[in-house]
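K.L.:
Each chain is listed here by its residues.
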Amino acid sequence: MKNKLIAFILSMGVFGAKAQEVSNNESMASVMRSNGKIYVVVAVVLTILFGLIAYLIRLDRKISKLEKES
Amino acid sequence: MRLTWWKITAIVLLAYAVIGGLLLPVPELTQLGETIRNLYYHVCMWFAMMILFTISIAQSIKYLRTGSIEHDIKASSYAGVGTYLGLLGYATGAIWASFTWADPNNPAFASFGSIMREPKLIGAAIALLIYGAYFILRSSITDMDQKARVSAVYNIFAYAMLFPSIWIIPRLLPSLHPGQEGNPALNFNDIDARMRMVFYPAVIGWTLLGAWIATLKIRHKILLEQKWFAHEK
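Just so you know, the protein sequences line up as chains A and B, in that order.
For the working numbering, count along the first sequence from 1 and bump the result up by 221.
Take the second sequence: its position 164, counting from 1, is numbered 162 in the working numbering, and each next residue is one higher.
Quick caveat, the hints were computed from the structure, so don't treat them as lab data.
Hints are supplied without guarantee of correctness; some may be wrong.
Claimed, not checked - Straight-line alpha carbon distances no greater than 25 Å define the calculated SDA-like cross-link-like pairs of lysine to any residue that follow:
id	chain 1	residue 1	chain 2	residue 2
1	B	K225	A	I284
2	A	K286	A	V266
3	B	K215	A	L280
4	A	K289	B	K215
5	A	K283	B	Q224
6	B	K219	B	G65
7	B	K145	B	E68
Note that the coordinates shown come from a computational prediction; the quantities given were computed from them, not determined experimentally.
Isolated chain A (complex conformation) (with noise of 0.2 Å):
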């Protein structure tokens, strides 16, 4: 899992550089572009989901501070 999590900021930096071209280069072998690079999908919906959660416990949070105070 760490050496995915790696493998995944790395990539973020790749993606980056490799910006500009497009590149047909299949030897760019990391995490990121095996399977048909379905670990981009899975990147995706996982930001989304603890994007929605962080957003929860953020209301979960005010609400507690309301009801302390009320």
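Given chain A, work out where chain B should sit, using these hints.
P.N.:
Relative to chain A, chain B alone:
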């Protein structure tokens, strides 16, 4: 912030539903292909909706027995989140169907016209509209106790209507939707063991997420209520 154990469970199970749901192996099916993975998301919406509606009717009955306004707040919040999940289930079902039943690029598939006559879709629409009427009914009565009592009775009717509209009638008519003979996804014979490993945790995860949102709504409404009473004095 009350990050209790079940909220953490919800987060863990949903993360598992996404990672496992997208990466773990699924049986290879003709026509459905990889879209069978929608079982972890689309079907879970309906399961979570059903469970939240059940909590809602239990709270309505509790209100009718005790007359405590807190139960009315709970009933309406759970029904609200349940309806929302139902709408999400409908929307995701529409996307799924347009690539497996009625893909215009594939002449072998059914036409959009035949999908419009799909009993499961019509039944689900009726069920959601009945719950929609619950909220219209609530907002049309200004007296608080009367609103709570009338809507609690209506909620029982709405829950009772769920069964013919989404469970019984679609089973009596020919349909493209799975689950004609029995309980789709719950039946041990028609769901692959590998998929069950993700599906059941996913149902629990989505239901807990819905319950989490509902509890936030409840706490917010109770705060508003307290503020309103303080203002009255």
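K.L.:
Each of the hints needs a verdict: does it hold here or not?
P.N.:
Against the structure, the hints come out as follows:
1. Taken as a hint, the K225 of chain B and I284 of chain A pair is honoured in the structure, with Cα atoms around 13 Å apart against an allowance of 25 Å.
2. Proximity of K286 of chain A to V266 of chain A is assessed by CA-CA distance (about 30 Å); at most 25 Å being required, the pair is judged violated.
3. In summary, the hint linking K215 of chain B to L280 of chain A is supported, as the alpha carbons are separated by about 10 Å, within the 25 Å threshold.
4. Taking the CA atoms of K289 of chain A and K215 of chain B, the gap is about 17 Å. The hint holds against a cut of 25 Å.
5. For the proposed pair K283 of chain A and Q224 of chain B, the alpha carbon gap of about 16 Å is at most 25 Å, so the pair holds.
6. Taken as a hint, the K219 of chain B and G65 of chain B pair is honoured in the structure, with Cα atoms around 17 Å apart against an allowance of 25 Å.
7. With a C-alpha separation of about 13 Å, the suggested pairing of K145 of chain B with E68 of chain B holds against the 25 Å cut-off.
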